[in-house]
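Chemist: Residue 220 in our numbering sits at position 226 of the sequence shown, and the numbers go up by one each step.
There may be inaccurate statements among the hints.
[Said to hold, decoys possible] Quick list of simulated restraints, FRET-style, between CB atoms:
#1 Ala54 to Lys29: 37 to 43 angstroms
#2 Pro87 to Arg49: 28 to 34 angstroms
#3 Gly71 to Arg39: 47 to 53 angstroms
If you're looking for bench data, these hints aren't it; they were derived computationally from the structure.
For each residue, glycine too, the CB sits at the ideal point set by N, CA and C.
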Amino acid sequence: MTKAPLRSLPLSAGGVHRQTPAAQPAPSHRGHSLKDLGQLRTALRQKAAEEAAHRARVAAAAQQCERERVLFAQAVGPVTRLRDRGLADVQTPRPEPEARQRLLDEQAALREALSDEVDVETLLLTDDGLSFRRASIGLDVLTKLRRGHWAIQGELDLHGLRRDEARDTLSAFILQAHQHHRRCLRVVHGKGLGSPGREPVLKAKVQRWLAQRQEVIAFTQASGPQGGAGALIVLLGSRVHGHPQARPAFRHPAGV
-5 MTKAPLRSLP LSAGGVHRQT PAAQPAPSHR GHSLKDLGQL RTALRQKAAE
45 EAAHRARVAA AAQQCERERV LFAQAVGPVT RLRDRGLADV QTPRPEPEAR
95 QRLLDEQAAL REALSDEVDV ETLLLTDDGL SFRRASIGLD VLTKLRRGHW
145 AIQGELDLHG LRRDEARDTL SAFILQAHQH HRRCLRVVHG KGLGSPGREP
195 VLKAKVQRWL AQRQEVIAFT QASGPQGGAG ALIVLLGSRV HGHPQARPAF
245 RHPAGV
């Protein structure tokens, strides 16, 4: 440990010089202070630049909105604000989109594809009333269909329609029912009581048309309470990834 230098003081009363340690200089932090001030000045400048850029963006957005408002007002012209009637803003669910043009195209294609001359007599079963089923459908399905095992989910009445009108209406009905997952349908074609010769005009044609639809997996003559010989109970295949599936996938008791 080094000793501080001594300095001379005036003589004391006894004529003796007194010596005291010299004061040590305070340590200097000037280098660090200047460096910190430089960093602080740089940070302040950067913050000021960011704030200026933000203000410029806000001002530009406000100017753009004002220009668009003026253009809209000039294009629309004078307007009158509607009186507030105090009505509730009720958000009702929007209906599902319907591809009308596609339906028209499909109907046109079906009109050309469905033939009145297709022979389905060999496919019809007449054991217990007129019926039809695909090869992959068992007889038990027809039995349940006759007995009303599945609830009717849609009905179409073809009374009074001409042949082309009936064909287009039936095609659209089957297509829409299949798209909405309705499986069991009733199609009324009439008994022909009002036709010349009292013979049903549409009965045989409806059978041919249904047999040509890939959505139809079975149909049978309706029971008495459901229309008897003047109607058919039709079963559609279920939709799996957009394609019909043969086996019925639902079990609802009749009348439910």
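Chemist: Just to be sure I understand the hint, the distance between the Cβ atoms of Ala54 and Lys29 should be within 37 to 43 angstroms; is that true here?
Modeler: This hint holds: roughly 38 angstroms between Cβ atoms.
Chemist: For Pro87 and Arg49, compare the CB-CB distance with the range 28 to 34 angstroms and indicate the outcome.
Modeler: violated (44 angstroms)
Chemist: Taking the Cβ atom of Gly71 and the Cβ atom of Arg39, is their distance within the range 47 to 53 angstroms?
Modeler: holds (50 angstroms)
When the structure is compared with the earlier hints, a violation turns up for hint 2 alone.
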